[in-house]
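Modelling step: build the complete structure from the supplied sequences, incorporating the hints.
Chains as they are written, first to last, in our numbering: chain A, 1084 to 1440; chain B, 1084 to 1440; chain C, 1084 to 1440; chain D, 1084 to 1440.
Source of the hints: derived by calculation from the structure; they are not laboratory data.
It is possible that some hints are incorrect.
Unchecked claim - With a Cα cut of at most 25 angstroms, we get these calculated DSS-like pairs of lysine-lysine: (1) Lys1089(C) / Lys1157(C); (2) Lys1198(A) / Lys1087(A); (3) Lys1157(A) / Lys1089(A); (4) Lys1246(D) / Lys1246(C); (5) Lys1246(A) / Lys1246(B); (6) Lys1087(B) / Lys1157(B).
4 protein chains.
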Amino acid sequence: MTNKIKVAVNGYGVIGKRVADAVRAQEDMELLGVSDVTTDYRVATAITQGIPVYASTEEAHQEMSAAGYPIAGKLPDLLDNADVVVDCTPSTIGAGNLDLYRTHGVKSVFQGGEKHSLTGHSFVAHANYSSTLGRDTTRVVSCNTTGTVRTLIALQDAGLLSKARGVLVRRATDPWESDHSGIMNTIVPEGRVPSHQGPDAQSVVPDLDVVTMAAKGAHTHNHLHFWTIELTRPADTEEVLEALKAMPRIAFVRRSDGIVAVNSTVELMRDLGRPRGDMYEVAIWEDILTVQGNELFWTYTVDNQAIVVPENIDAIRALAGTVEDGDESIQRTDRALGVRADFFSPSQCSGRSKTPA
Amino acid sequence: MTNKIKVAVNGYGVIGKRVADAVRAQEDMELLGVSDVTTDYRVATAITQGIPVYASTEEAHQEMSAAGYPIAGKLPDLLDNADVVVDCTPSTIGAGNLDLYRTHGVKSVFQGGEKHSLTGHSFVAHANYSSTLGRDTTRVVSCNTTGTVRTLIALQDAGLLSKARGVLVRRATDPWESDHSGIMNTIVPEGRVPSHQGPDAQSVVPDLDVVTMAAKGAHTHNHLHFWTIELTRPADTEEVLEALKAMPRIAFVRRSDGIVAVNSTVELMRDLGRPRGDMYEVAIWEDILTVQGNELFWTYTVDNQAIVVPENIDAIRALAGTVEDGDESIQRTDRALGVRADFFSPSQCSGRSKTPA
Amino acid sequence: MTNKIKVAVNGYGVIGKRVADAVRAQEDMELLGVSDVTTDYRVATAITQGIPVYASTEEAHQEMSAAGYPIAGKLPDLLDNADVVVDCTPSTIGAGNLDLYRTHGVKSVFQGGEKHSLTGHSFVAHANYSSTLGRDTTRVVSCNTTGTVRTLIALQDAGLLSKARGVLVRRATDPWESDHSGIMNTIVPEGRVPSHQGPDAQSVVPDLDVVTMAAKGAHTHNHLHFWTIELTRPADTEEVLEALKAMPRIAFVRRSDGIVAVNSTVELMRDLGRPRGDMYEVAIWEDILTVQGNELFWTYTVDNQAIVVPENIDAIRALAGTVEDGDESIQRTDRALGVRADFFSPSQCSGRSKTPA
Amino acid sequence: MTNKIKVAVNGYGVIGKRVADAVRAQEDMELLGVSDVTTDYRVATAITQGIPVYASTEEAHQEMSAAGYPIAGKLPDLLDNADVVVDCTPSTIGAGNLDLYRTHGVKSVFQGGEKHSLTGHSFVAHANYSSTLGRDTTRVVSCNTTGTVRTLIALQDAGLLSKARGVLVRRATDPWESDHSGIMNTIVPEGRVPSHQGPDAQSVVPDLDVVTMAAKGAHTHNHLHFWTIELTRPADTEEVLEALKAMPRIAFVRRSDGIVAVNSTVELMRDLGRPRGDMYEVAIWEDILTVQGNELFWTYTVDNQAIVVPENIDAIRALAGTVEDGDESIQRTDRALGVRADFFSPSQCSGRSKTPA
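What follows is the structure, encoded as structure tokens:
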């Protein structure tokens, strides 16, 4: 590929810094720079890594310059040269940026904190890559919704999904947060049924019969989802596993391998050398998954900091229009990021049985 | 009543000390004493309150005496005079005690940590008080199962229950535990579906169509249950609320009253002056409960330390046979303990609307 | 006593509700009412208990009335009849109330969230009750400072204190808080040395040579203090224990009794039947306390919700001027609240050795 | 270097896997293999990375083989070819291995969980590399002790240290632990003064005048240390900072950079691309550090999983005797691991002031 997609990232926080790194890992993309308003260690580490840093506001430009950072310019300068901008600003800020992006003629990817109505299109790569082609903006849905859509459309593609009822226990705040953001020694239920994730999944796949209940749990990483799913017909476990294996970005974990809780997957990712310990895959417990007649029960965990990163990369390509086939984009993204269908290398651990007998 | 039921409590831990206090609060019961093996502050506070303390083993008798405690005797001495013993020993110990109790001719109540097969009868007051009459032993089911049975039979009694699918997020350990018992910054799913609570509910009410999934959450008090319930027919919210109101030991809470998480109910109980901050009721969120067609979604919280206390009192009466009518026993128990159908006094807060319009 | 002190409590939160209950427990005081701005369960439980509730603002009066609460009036109505008002409003609000109180001719007690300069006098009962007589306002210092002053003046009174260096690990937020107030899986050091508690102790006892460092720990109840103290001379453990025993509101706990962490004391308070599980005493570990030459090391825990409650009661009496002798006030307060020098009743556990040999 | 040091790692847990990776990063070392007893994901990821895995026991060999892992052999096979073995087994196991290692003629590094008496020599690289030359075994002290020694000898080298009194708040358990190992909503003080870290530091530097108190805090990563230090004379902040800068493996962090709590440093390490997010350095807060006359107060945090890793590498070299100069070994190790004196690259963030004016 001679012409790389020129990408800007606006907002260098939990999602923005991961998207920036993922862009740099793609052969067909170039990270022009990131834009932010802070003067703390996040900006310092970006600069240390050689990433051009821009200031998102005039005030920020003054503060960042005063703090001694070599600032590359202001956000409009960055947008002038970009093909696509990924907006990773806080949800209260993002919506106001769309006009700016359009003014600069740059296509835009928003995050799940924004409303569907902002972009009129909500994105999960396998579900609707093709409908994104030709658009100038889309919205990658939230981490919980991404996990929900990936797993449910695996069943839908296999003709197995009738309706799905989920309980989502979210992490309460992000690991880096240090004050006035967490919950302590409690669990906080969402105030309404359905919680927003169900309808949000329908913004991607309208015909899903899905209802979610949710709570915030007293931990800082990973969501844990429990689902009761009515199948279109009685099935056996093997069929369900096959349906899941056919879907990218879903990987099996097993209690029998010592993966017994959400923090086990965090440790596993670190052991696998993943950057920042990130898990891009939905990790579904193969040995908890249970089918009873036409009812399916499963449990999986989602890395709230990382699961949307590959979707953002695909969304960039879909908007840029350089790859027309969603599957090809997914494969490129996943190869570059090291996304896996199983976290244990089959070739080297060849003797291990991967599926229950 | 001229002859009070003479009650012994074996095991003075989280449940035992609460049962002991509840026995002392009943007009028709007398607490003969408690038996334990420790020499720590728990025994000291029992003695301070004037409760006769017995030693459960020969070794414990020596240690407790050596520690300077005025010990009333050994467990067999206590059993010799008791009509009913409530076994609150750890689940690994309890099963071995049944023979001892029978040898001493004392009827026995076990806790949910024991298997149903130990007693052949599992108890929730409203569900099966009458079948307990004439027996010499029963088992009060666990806190999670008690909450499950109370709420589901409310629907069953009203002819509304078809099937119920629950996700139970348990507290990870008890508040007093200080080391090597907790989980930290994670959530741990149960390893199988159904988790044991569903089948356990069926040990009380065999015809329940119930499946549970469960997890341990990173908090120390109260379980939080989410249910997706298929009703026998489309219903409206008012019908469901009426069914719940007809059932004892269920109380409504509301997010609009500031009860927004499980720790809110703990604070509320303390504000109400409850001993140890205990909540005997299932606290169901009235303003989260949602009916959609023939589907019902609700969320409630259960005080794992206290919810089984009134059931233990009723089980004592049922085994003693002094009260034949379960409803009468429940009313006596609840009056003595101050169990409420609503935590806010209607007479004094008369202007407040208690139900959604 | 024929004329009781008429007390108003402004702010019915964590401290206010405890002070209100403590006032009601005193024979020489009458709780006229409490004032607040919320419409949640806190107000409902006050009304349920028969406490007259007033609205602190015009807006609150409308909201509380609209919520159906029987409101007794507005804050000025309450102040008109009061001798002393205890201000338990949030620290951002309290300072603005002093003028109001003076306009209404009511004496006032503020909490440690306010600055010393607001009242010009900071209060710990044993330290400076007498200098409070004749004043119209004082400020009960914060929970950490109260614990610090109580323990250090015990040494000072015994002529043992040279200088004290403390590390205070605070609870991060209160148990009732449900969202956006906590820290998760971290510990947060204070940004400067000394942390504010050292200078604050000097606002009560100016000649203390004290420096504190502090952090917020990931738990919701009780502070834990570690001190390295230089004595005026080499001493033995017994002398230090005697100095502590001479001081009111300090109680010993022991690891050998199973009190091994801050949550152990919470459980102990509940077992002792304390309202809300409150601990008014500084709980100092007798079997951790160590003297090496002229250096003393000790560890104690402070119930951040309750330790200032008895001080507030004494402050009311000192301002009212009805009791001139601080020791008499302390004894009255402590008798009414059940404050203890040892949490285990010596008369009933007579054989137990209370002090190391 | 033609002949690499052949290193075995026995025990592939939190420390073992990090030491193994660090060995592989050294130009003058070769990782022969690791030995363990588990069959879980840890072994699988080792194999996936191409590390030869051995079984530590006969039973483990059977289980690991049965689980389908390609096992390279048994522990004695591994030892036969090794120059140095790093024992990272649990502390209850390690001591029993010394004889085995000696029988196989392999030099050995133990961890801080073992007693000083096992090896008769306790190791911190800067403090006593030279006294390790010619020995056949040493013990790298624990994470807390390593942090303590590094910082105190910086002052000692500068002639500033008189005596040091520390309060160490330890993380309660490791991040990977999922059950029955943690504490919840409490803080647990050590039962005696001094806690073991003070005397342990003296096992490395006997003339240190150091006393420590300690507690377990409710978080899973990083220890936080507070120190009150008496200097030999009044000093200014600049002198202290210079002393710290002269010592390897100490790095400054600043609240003004957004590093405000121990979890901030974890996030920073991930942002810097550190493997597993590891921090090898003591991170001392430059803008909390305070000097008052001849008293110094400072606060730093220690990554309990990683801080001893570079010390293990140096201990290997010292035992092997291939490098005689400790400073040279430290520099080699630190270059290979990317250890830094400041986490922000001065060359790229050149305008930033690194030290307070």
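*Hints broken by the structure, by number, lowest first?*
2
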